[in-house]
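S.K.: Each chain, letter by letter, is given below.
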Amino acid sequence: MAKFTFTEKKDTRSGFGAGLTELGRTNPNVVALCADLTGSLKMNDFQKENPDRFFQVGIAEANMMGLAAGMTIGGKIPFTGTFANFSTGRVYDQIRQSIAYSGKNVKICASHAGLTLGEDGATHQILEDIGLMKMLPHMTVINPCDFNQTKAATIALASHVGPAYLRFGRPSVPNFTAADQKFEIGKAWKMIEGTDVSIFATGHMVWHAVEAEAILAEKGIKAEVINIHTIKPLDESAIIQSVSKTRCAVSAEEHNIFGGLGESIAGALSRNFPAPLEMVGVKDSFGESGTPAELMKKYGLSTEAIVEAALKAIGRK
Amino acid sequence: MNKITDTQELKRVASQVRRDIVRMVHAVQSGHPGGSLGCTDFMVALYFNILRHNPKFSMDAINEDVFFLSNGHISPVWYSVLARSGYFPVNELSTFRKLNSRLQGHPATEEHLPGIRIASGSLGQGLSAAIGTAQVKKLNQDKHLVYLLMGDGELQEGQVWEAAMYAAHNAVDNIIATVDVNGQQIDGPTEKVLSLMNLRAKFEAFGWMVVESDGNDMASIVKTLEHCQGLAGKGRPVMNLMKTEMGQGVDYMVGTHKWHGIAPNDDELAKALAQLEETLGDY
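Read top to bottom, the protein sequences are chains A and B.
With the numbering used here, the residue at position 22 of the first sequence is 22, and numbering never jumps.
With the numbering used here, the residue at position 168 of the second sequence is 1168, and numbering never jumps.
Keep in mind that the hints were calculated from the coordinates and are not lab data.
Treat the numbers as computed from the prediction; the structure is a model and nothing was measured.
Think of the CB as a built atom: it goes at the ideal place given N, C-alpha and C, for glycine as much as any other residue.
Fair warning: there could be bad hints in the mix.
[To be verified] Selected chain B positions facing chain A (Cβ under 10 Å, derived; list incomplete):
#, residue
1, E1110
2, I1118
3, S1128
4, Q1275
5, Y1283
[Claimed, not checked] Sample of chain A residues with no beta-carbon within 10 Å of chain B, all distances over it, derived:
#, residue
6, D52
7, S159
8, L234
Okay, chain A solo, but in the shape it has when bound (with noise of 0.2 Å):
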């Protein structure tokens, strides 16, 4: 039987709108910015209830960012949205200083991550924002994996005190986890237990994970899966539990495998456990025009992708 089931699908950027209409309902010091990207970002429902609080900024993510920055200032807690190329990479000096080294209570709220963006192109498919973010210090980087759980991460950085990255998706996707999940920052969740391989997966891939692991079970193979939704600060005790059990990992992720979720998991083995890590994710290319799953298919971010190279690291044990 299956482990995880889901009846329906569901977009993760409507999982960030749900979560921010929620936080306008019950916390007066949520404020929420866009750049021209209201409905693409599903903030219409905060802003047709919280006019005051919803702040139309154009196309102009610099000064959003900075401008977000300055709301901290008089106890706000600001949520900008954009897509995740125009919330990263056209902004991070932006981030880097006014936000992170300033130590600003700012949530950075990105859709339209990744290939599953689609038709739109490389232009807009952001592979490289997971790393951009991480590498600042002070920020919290957060990817869910479906509607539920970007909502209650949503809900959960506004308790939450520090600049912090949230980054969500396109494409409706199977929405399979609980509704009233308790969202923990930080904190490695184990879907699927398991002892022979370890899969670490974070975002879109989780669900593949997910499938993946039904076709290993059907092999005889018990996979380990497990959801980072936090990037940083990674669960680096639960993913060394995980390992120095089944002795060998993979990655999952939608995303460069050059500063991702994958080379977090490598440096934490390293130091601690090293053991055979397989890397799913785009192999250092920008992304093209296509329908995401033509897309997730052609770069190599499927479940059968997760299925060989859990393979691939058990062969290596």
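Chain A is already provided as a structure; the job is to place chain B on it using the hints.
M.R.: Just chain B, lined up with the frame of chain A:
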């Protein structure tokens, strides 16, 4: 904070602040004396007369005015006025730019120096932050004002104009921004490096109320800032284009970009100090 209303008294504070600046920069043989000296009169007028502020520092600045320095490289003048108005011990000025100091080369919050609310140094970012704080003051129904100083060379950064457009569109009328128009930048006069053209026309076209002023005449600075306070609350942001002389107060530093980021040697320090009366006691 007791307000100093007497112009002569404000000038005496300014003389001491200028001594602090050249001594700080000389001590570590690094830092930016030119712009610091040029903006000394403005900073003294602001902190000792205009700002309604509390040196018992609070990051959130509820019910007090807020000042942002966007051109962070003139940190020496800011550190001096902060110390001289009671934010931290004056003796701490001796740690400027040294290892383990709260007085970083460019202003920062990382070491928790009282008086600093955001890091600056990478140019063009301060106006956005100041506008954000001004909007939150409105949300909090806090009638106090937000002040900002930026350099003229800094106006070459695109973010400044994003912010300028935003403030006017949103009627952020509780901000008084000042540009230090000294016409100099690292590679030479702004007119040669990248001309700013007609700044008044530019900011007016962006929807700001524009005032032009002399930034090295103490009485005029106070009057200008009081005038700006009167313009606040009228639906438009306020811009004070303030002409200054880089290096003002030290004759051999005036009127050139050469002292933008160069420290005086021992002889030059002595020459500078001979021109600046010690009024409040050196640190």
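S.K.: Compare the structure with each hint and give your call.
M.R.: Here's how the hints hold up against the structure:
1. For E1110/B, the interface hint holds, since its Cβ comes within 10 Å of a Cβ in chain A; the closest pair sits about 6 Å apart.
2. Evaluation of the I1118/B hint against chain A yields a held restraint, the C-beta minimum of about 5 Å falling below 10 Å.
3. Annotation: interface hint on S1128/B holds; nearest CB of chain A at approximately 2 Å, less than 10 Å.
4. The beta carbon of Q1275/B comes no nearer than 35 Å to any beta carbon in chain A, farther than 10 Å, and the hint placing it at the interface is violated.
5. Evaluation of the Y1283/B hint against chain A yields a violated restraint, the C-beta minimum of about 27 Å exceeding 10 Å.
6. Chain B draws D52/A into its interface by the beta-carbon criterion, the shortest separation being 7 Å against a cut-off of 10 Å.
7. With a least beta-carbon separation of about 18 Å from chain B, S159/A lies farther than 10 Å from that chain, consistent with its non-interface assignment.
8. At roughly 23 Å from the closest C-beta of chain B, the C-beta of L234/A stays outside 10 Å, upholding its exclusion from the interface.
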